[in-house]
Amino acid sequence: MTTREAAGDAPIVRIEGLHKRFGDNEVLRGIDLEIAEGEVVCLIGPSGSGKSTLLRCVNLLEEPTEGTITAAGHDMTGPDADLDAARCDIGMVFQHFNLFSHLSILDNVAIAQRRVRKTGRAEAEAEARRLLAQVGIEGKERARPSQLSGGQQQRVAIARALAMKPRLMLFDEPTSALDPELVGEVLSVMKGLAAEGMTMLVVTHEMAFAREVADRVLFLDGGVIVEQGPPAEVLTDPKTERARSFLHRVLHPVD
Amino acid sequence: MDTTATAPARRRMTPRQRRRLARGIQYAVVIAVVAVLAAVADWGRIAESFFQLDIAAAMFPAVWTSFWNTIVYTVLAFVFGMVVGVPIALMRVSSFAPYRWFATGYVEVFRGLPALLVLFLVGFGVPQAFPGIQYPGGVYGQVAIGLGLTSSAYIAESVRAGIQAVPKGQVEAARSLGMSHTRTMITVVLPQALRIVVPPLTNELVMLTKDSSLVFVLGVTTATMELSKFARNELTDSANATPLLVGGLLYLLLTIPLGLLARRLEHKGDAR
Chain A
42 MTTREAAGDA
52 PIVRIEGLHK
62 RFGDNEVLRG
72 IDLEIAEGEV
82 VCLIGPSGSG
92 KSTLLRCVNL
102 LEEPTEGTIT
112 AAGHDMTGPD
122 ADLDAARCDI
132 GMVFQHFNLF
142 SHLSILDNVA
152 IAQRRVRKTG
162 RAEAEAEARR
172 LLAQVGIEGK
182 ERARPSQLSG
192 GQQQRVAIAR
202 ALAMKPRLML
212 FDEPTSALDP
222 ELVGEVLSVM
232 KGLAAEGMTM
242 LVVTHEMAFA
252 REVADRVLFL
262 DGGVIVEQGP
272 PAEVLTDPKT
282 ERARSFLHRV
292 LHPVD
Chain B
6 MDTTATAPAR
16 RRMTPRQRRR
26 LARGIQYAVV
36 IAVVAVLAAV
46 ADWGRIAESF
56 FQLDIAAAMF
66 PAVWTSFWNT
76 IVYTVLAFVF
86 GMVVGVPIAL
96 MRVSSFAPYR
106 WFATGYVEVF
116 RGLPALLVLF
126 LVGFGVPQAF
136 PGIQYPGGVY
146 GQVAIGLGLT
156 SSAYIAESVR
166 AGIQAVPKGQ
176 VEAARSLGMS
186 HTRTMITVVL
196 PQALRIVVPP
206 LTNELVMLTK
216 DSSLVFVLGV
226 TTATMELSKF
236 ARNELTDSAN
246 ATPLLVGGLL
256 YLLLTIPLGL
266 LARRLEHKGD
276 AR
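Chains as they are written, first to last, in this note's numbering: chain A, 42 to 296; chain B, 6 to 277.
Some hints here could point you the wrong way.
To be verified - Here are the in silico distance ranges between beta carbons for each label pair:
no., chain 1, residue 1, chain 2, residue 2, range
1, A, G119, B, L270, 29 to 37 Å
2, A, E164, B, W106, 56 to 64 Å
3, B, T109, A, K206, 39 to 47 Å
4, A, S229, B, I261, 49 to 57 Å
Unchecked claim - Straight-line Cα separation of at most 30 Å, DSS-like style, residue types lysine-lysine; simulated pairs:
no., chain 1, residue 1, chain 2, residue 2
5, B, K173, A, K181
6, B, K173, A, K206
7, A, K232, A, K206
8, A, K159, A, K206
9, A, K159, B, K173
10, A, K232, B, K173
Claimed, not checked - What the simulated footprint calls covered on chain A by chain B, stretch by stretch (three residues with Cβ under 8 Å from a Cβ of chain B suffice, anywhere in the stretch; the number is not a length):
no., region
11, 132-139
12, 149-162
I should point out that these hints are in silico values taken from the structure, not numbers from a laboratory.
Using N, Cα and C, we set each Cβ at its ideal position, and we do this for glycine too.
Let's have the full structure, built from the sequences with the hints guiding it.
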């Protein structure tokens with residue numbers, strides 16, 4: 042299952058029999074998935090295939106209709122699940138950044154440490170500065186989110202998630218809302234994170250990123266995992282017709 | 006093709022000429038109305054009724070006490086309105102249905118009742134029903150509650166709208182960082198919601214400034230009198246309307262800066 046030899050122990054994410062319905066619309070139709078510690082998994086597939094819903098089920102921003110999920114050592118779907126505690130260990134980055142618009146950049150990164158972890162102000166801000174430097178944002182500590190470019194905002198959002206020292210990071214189309222020339226700066230931060238061994242689950246349309254960084258690529262369509270494997274396999278030589286035609290459309294949009 | 010253009014024209018106006026003509030007619034009407042009013046009005050009589058400088062001067066400095074009381078009553082009622090209104094707003098968006106029912110009922114009742122009636126209830130109804138009840142601060146406490154109850158219903162509705170205007174992504178981001186529902190409300194949603202509702206809340210402050218003129222029904226002394234009552238007393242004493250003009254100007258001295266402030270804050274919100 043896993044592609045990294047180091048990952049011998051229990052998987053950091055285990056999803057079994059996951060279904061999600063919105064009214065009559067069944068978006069996820071039975072997902073089974075295990076992700077090993079340190080693994081980078083990219084979720085690709087056409088819009089409406091359930092990629093984002095699957096990602097949002099992992100930290101229970103969406104409540105599964107059926108199935109069990111454990112993530113970062115927490116039983117997410119159990120009756121005694123402490124979701125707030127679990128979400129401290131699961132970072133999430135959103136398509137539209139969702140930085141707190143009333144707070145400065147520094148406070149955006151420091152606020153959760155202070156209010157959730159009850160870290161002291163000085164310590165939280167020192168950590169926030171370190172993380173901002175790590176994502177290449179310096180000298181903007183006092184600025185408001187709206188004063189930053191989309192790429193900068195997304196990098197701050199990554200720093201904000203990292204501030205909780207998560208064991209797992211979820212990325213929901215992190216570059217889809219960005220101008221093309223700003224995509225690279227965000228992807229390179231994510232690449233650095235992957236190189237440090239962070240476990241990452243990434244919904245993306247950036248095939249070059251998936252090819253280079255992912256250990257495994259999952260192709261979702263119609264709410265099921267249609268195909269999965271190393272990027273070289275899935276992206277270059279897909280076995281199913283659905284994956285083949287999707288990739289053709291993504292890679293050759295004008296044909 | 007050219008036949009229509011060269012046809013001996015009934016002289017048609019261009020759109021530009023038509024606009025100028027319309028504008029000219031409107032100016033002419035306004036000038037005519039002003040001229041008629043100026044000719045008909047008895048200016049001597051008007052000046053005598055409203056612009057008696059000695060009567061105006063005699064109001065000072067005593068009028069400042071009532072001016073100050075107007076401010077105090079307004080602020081007290083607003084503070085009460087905020088302290089009660091914000092929790093009511095939170096209850097209105099609660100996932101716990103009984104909270105929602107209570108808050109909806111509260112808002113409907115106090116938004117639906119005239120402020121004057123609520124003031125009477127607080128000033129006379131409650132003391133009669135609960136003998137021995139003492140409002141903290143005497144008439145000040147009565148005013149804070151009496152005007153504040155009505156105000157809290159309006160404030161609750163504004164704040165609720167503000168809470169609902171905070172983008173869902175802000176809540177999701179907060180929850181994904183491990184913040185509880187309550188923590189998310191306090192740290193992320195309310196600060197943004199209150200910023201959104203600054204303009205309507207400033208408007209509420211203007212309304213309260215004016216509603217403080219109802220306080221006289223509680224029976225006030227010289228020390229606790231507000232601006233309208235003071236002006237009315239002076240009107241009776243002097244048998245002249247000048248005190249009303251002075252009182253009105255003093256109200257505008259409060260409400261116009263508030264309006265300007267609201268507009269400025271609104272634009273500041275745009276820049277964000």
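Structure-based check of each hint:
1. Taken as a hint, the range 29 to 37 Å is violated for the pair G119(A) and L270(B), whose Cβ atoms sit roughly 47 Å apart.
2. A hinted range of 56 to 64 Å for the beta carbons of E164(A) and W106(B) is inconsistent with their spacing of about 44 Å.
3. The hinted window of 39 to 47 Å between T109(B) and K206(A) holds, with their beta carbons roughly 43 Å apart.
4. Checked against the hint of 49 to 57 Å, the C-beta distance between S229(A) and I261(B) comes to roughly 55 Å, which is consistent with it.
5. About 26 Å separates the Cα atoms of K173(B) and K181(A), which keeps this hinted pair within 30 Å; it holds.
6. This hinted pair checks out: K173(B) and K206(A) have alpha carbons roughly 24 Å apart, not beyond 30 Å.
7. Distance restraint check for K232(A) and K206(A): the Cα-Cα separation of roughly 17 Å lies within the 30 Å cut-off, and the hinted pair is therefore satisfied.
8. At roughly 14 Å between alpha-carbon atoms, K159(A) and K206(A) fall within 30 Å of each other, so this suggested pair holds.
9. Among the hinted pairs, K159(A) with K173(B) is consistent with the structure: their alpha-carbon atoms are about 25 Å apart, no more than 30 Å.
10. This hinted pair checks out: K232(A) and K173(B) have alpha carbons roughly 29 Å apart, not beyond 30 Å.
11. For the region 132-139 of chain A, the stated coverage by chain B is satisfied: 5 residues place a CB nearer than 8 Å to a CB of that chain, which reaches the threshold of 3.
12. Three residues within the 8 Å Cβ limit are the bar, and the region 149-162 of chain A against chain B gives 4, so the coverage statement holds.
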